Amino acid sequence: MQRLRFSKSVMFVLVLFLVCGSVRADRRGYVWTYEYMTMAKGASELEYYMTSKIADMHKFDEKSTWEHQIELEYGLTDRWDIAIYEKYKQTYDTSGEKGEYGGHKLRTRYRFGEKGEHPLDTLVYLEYIKADNSTSPEILEGKLILAKNFGDFNFAYNQILKVGINGRGGNENEYAMGLNYESNRQWKFGIESTGNYTEDKYYIGPTISWGGEKFWMGLGGLRGLNDRSDDIRVRFIIGFPF
Numbered sequence: 129m130q131r132l133r134f135s136k137s138v139m140f141v142l143v144l145f146l147v148c149g150s151v152r153a154d155r156r157g158y159v160w161t162y163e164y165m166t167m168a169k170g171a172s173e174l175e176y177y178m179t180s181k182i183a184d185m186h187k188f189d190e191k192s193t194w195e196h197q198i199e200l201e202y203g204l205t206d207r208w209d210i211a212i213y214e215k216y217k218q219t220y221d222t223s224g225e226k227g228e229y230g231g232h233k234l235r236t237r238y239r240f241g242e243k244g245e246h247p248l249d250t251l252v253y254l255e256y257i258k259a260d261n262s263t264s265p266e267i268l269e270g271k272l273i274l275a276k277n278f279g280d281f282n283f284a285y286n287q288i289l290k291v292g293i294n295g296r297g298g299n300e301n302e303y304a305m306g307l308n309y310e311s312n313r314q315w316k317f318g319i320e321s322t323g324n325y326t327e328d329k330y331y332i333g334p335t336i337s338w339g340g341e342k343f344w345m346g347l348g349g350l351r352g353l354n355d356r357s358d359d360i361r362v363r364f365i366i367g368f369p370f
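Taking my numbering, the leading residue of the sequence shown gets 129, the next gets one more, and so forth.
These are computed hints drawn from the structure, not numbers from a lab. None of the values given here were measured: they were computed from a predicted structure. Glycine included, every Cβ here is placed at the ideal spot set by N, Cα and C. Each hint can be trusted.
Calculated cross-link-like contacts (lysine-lysine; reagent style DSS-like; alpha-carbon spacing at most 25 angstroms):
(1) K181 to K226
(2) K181 to K191
(3) K329 to K258
(4) K217 to K329
(5) K191 to K215
(6) K243 to K169
(7) K187 to K217
(8) K191 to K329
(9) K233 to K217
(10) K181 to K258
(11) K233 to K215
(12) K217 to K181
(13) K181 to K329
(14) K187 to K226
(15) K243 to K276
(16) K342 to K169
(17) K233 to K329
(18) K226 to K215
(19) K226 to K258
(20) K191 to K217
(21) K181 to K233
(22) K258 to K215
(23) K215 to K329
(24) K258 to K217
(25) K169 to K276
(26) K187 to K329
(27) K169 to K233
(28) K226 to K191
(29) K181 to K215
(30) K258 to K233
(31) K342 to K243
Distance windows between CB atoms, simulated:
(32) L353 to G297: 21 to 29 angstroms
(33) S223 to E245: 53 to 61 angstroms
(34) Y238 to I293: 18 to 26 angstroms
(35) G279 to A259: 40 to 48 angstroms
(36) K276 to G297: 32 to 40 angstroms
(37) T236 to I332: 24 to 32 angstroms
(38) H186 to G279: 40 to 48 angstroms
Work out the full structure: start from the sequences and follow the hints.
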């Protein structure tokens, strides 16, 4: 049953990619890594994230986790934006399906200058994470985002620090990075890696994104690189600017 549900989701995403027209909008080229990008002043965007985490592929039918996230972002200036997220989670195991509200997040980003103005494009990111559970830690997450374009290629690196701010949870050091190639006005193909230095978990895998006039989409998969990591992680994002 889990394999059937996963296959249907993948087929749905592939069909969306294939039937879309050849128009373009500014969009993310990665699904795990943030780029040097903020919303334009007065512009808004609605985004939906779907993330699947499979700890053990050999036990996929026994347990899998699907995380859903809805984000609304708005540009305060051409370099500064804010966003709010709502999170939901579904867990499938041998006892059935469990759905729960996962809490919310508040986020802001600020970029320094225009793309290519400095040797490295630099952006700072700050996020407050509140789970729907009084016993869970409240988290303040900061990201330093460094990026550079080389012709049709883009490289982005995120240094991430998570800090528990309500006396629960410790600090975590993480990273995300990606390299992609813009093959034409609609398509970008790349590779991404993420990791948690604190928990010794590391991942790597391919990413593909498509940009249209009305919306954009990204799809990426990661493979765990050691026994501490999940075997597979998959993420799909779709965004609607307005």
